[in-house]
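Novice: Once you've looked at the hints, dock chain B against the given chain A.
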Amino acid sequence: MRNIKRRLPLIPLYDHTTMEKQLEHMAESGWMLDRITNCFWQYRRIEPKKIHFTVTYYLNASVFDPTPSEGEQSFQAYCAEAGWHVAATSAKLQIFYNEQEFPVPIETDSVLQVQTIHKAVKFTYLLPYFLLIGNNFYLFHVLLSRFRETPIEFLASIKLITVFFNAILIFLFCFNGIFGYYFWYYKAKKSAKREGIFVETHSLYRLSNLFIGLALLNYILLSLFSCSRSLGILILLFSCLLIVMIFVLITVINLLKRKQVDTATNLSIYILLTVVLSFSIPFVISSFLSHATNHHWFEREPVKTYEYAGDTWNIYHDTLPLTIEDLEEVDYPDYSYECNVEETVFLTHSSYRQMAKLNDRGIPNLKYSSTDFKMPFLYHFCLQSIFKDTEETALSSDWAPHFKKVNPSLWEADAAYQKYYGKDPSPRYLLCYPDRLVTISLDEPPTLAQMSVIGEKLTGIK
Amino acid sequence: MPRAKFQTMTEQMFYILLCLHTECCGIDIMQKVDNLTEGCVKVGPGTLYNLLEQFSDAGMIRETKAEGRRRSYILTEKGKAWLDSEYRRLCTQVADYLKFFPKEEVR
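As you go down the protein sequences, you meet chains A and B in turn. Here the first sequence stands for residues 1 to 462, numbered as in our numbering. Here the second sequence stands for residues 463 to 569, numbered as in our numbering.
Since the hints were made in silico from the structure, they are not lab data. Cβ atoms here follow ideal geometry from the backbone N, Cα and C, with glycine treated the same way. Nothing false has been slipped in among the hints.
Below, a sample of chain A positions facing chain B; criterion: calculated Cβ distance under 10 Å:
| no. | residue |
| --- | --- |
| 1 | Y58 |
| 2 | S74 |
| 3 | A77 |
| 4 | E81 |
| 5 | P105 |
| 6 | I106 |
| 7 | D109 |
Just chain A, same shape as in the assembly:
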């Protein structure tokens, strides 16, 4: 039978009522809180009994103190005088137990109690939440900007959608934490001042844990299944590296405490180490990823490659629904036929390219994309976004890009538009089919016969 049990500290720092109830329940089940580590609350086996617990806060304690300070020991001595003994401590958090049936509570002034809790959680609990929610707002801003600029690419990217969904979960997690605290704090402050009654804390910590758990699961699933296998595994490995580095940081602090290094020195070393790691780890990760991307580590295996301008280029032989050979006679053996399909619950976006080698000039190229919408309202939204985008990027009236309507029947489409730069038409077209938008970019304006072939081939894409 094991004599030690470990539990993750999932209850928020300010929610001492829930902590006390849990500790009392554990004691009645035969488990006594023994110590609090950086990761776990550790319990040891005891005879099941009814024990009173109080969670309180000593504001002058620091996580960097090598030993309890004189003041902290005095505080504990006062509590011992009333029969309260130390179960475990962790910086400001002090947990006492009392085996008397009706002990005098440690805190008997509700106003002072609420003030003490607020001072204890301001920097250790609330500040990280505010920083995280601020960071999240910035992420929302970036994602929404990206969505507004290129809604089709955004809605087709499982990675971006997952990151957006995760951002929502993290926002809900932070909101629950902050709102839950302030909801209690203002109620407790009012009750303490008006009636002298302490309002018990009660956080929705299980909801917070659900949000953060879903976000973590999402992140792991994204890494394993939505990125290329090698990229996904690398992302997870780097995440583990970050965790290891945090572990190293905590170990260094604990080692310094065991060596009785004073608080100020310990804090200085912690700040220095944090700054060094905060800059060096992202630098190492981004340098590695940049190098890997430049050397095509995360791309799929090409059929062959060629060198141009000091770089290596891939050639693929994917099956394309429409090729240059369908439109004209061409005798060129070194085409790359590339197809890329992204699918989400919103749409399926397929992009196709038939490209000659970059060092072979005068060979026709072909680029086109097809977007199939699974939700009709997105079709109109994305179409309007394409038109709006061309209007907004216009810098002058001379070559402002815009679309002009052309005869759609030639393309077997519901509507068709040709892109103009100022007064100059370009061989770029936007074709509207039922629930499908197609963009096509040719080297030369197509003939009527070519338009017909294009329409026939592109309506047939499955």
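Specialist: What follows is chain B alone, placed relative to chain A:
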């Protein structure tokens, strides 16, 4: 109306300061208050520790000696003045009460 810090005195503050009219060890105040009020007023150790710190910072009391973790305090003139003003406030309230309920009616 919210109570500003040290503007109005709670029962616990009153009895803690009263106990320090003579030099007294901080830890002993809990029992002294309990005896003085016959158990009506209870001062928790956490509340006592915090209030002694606040009184000391505000100059209401001063530390007289420290024997390890046992620190003794005594009321200062400032603390005595505050205690006096609280006494006068309580007397005023008693006097107002006696206007409506004369002494012989008090049981």
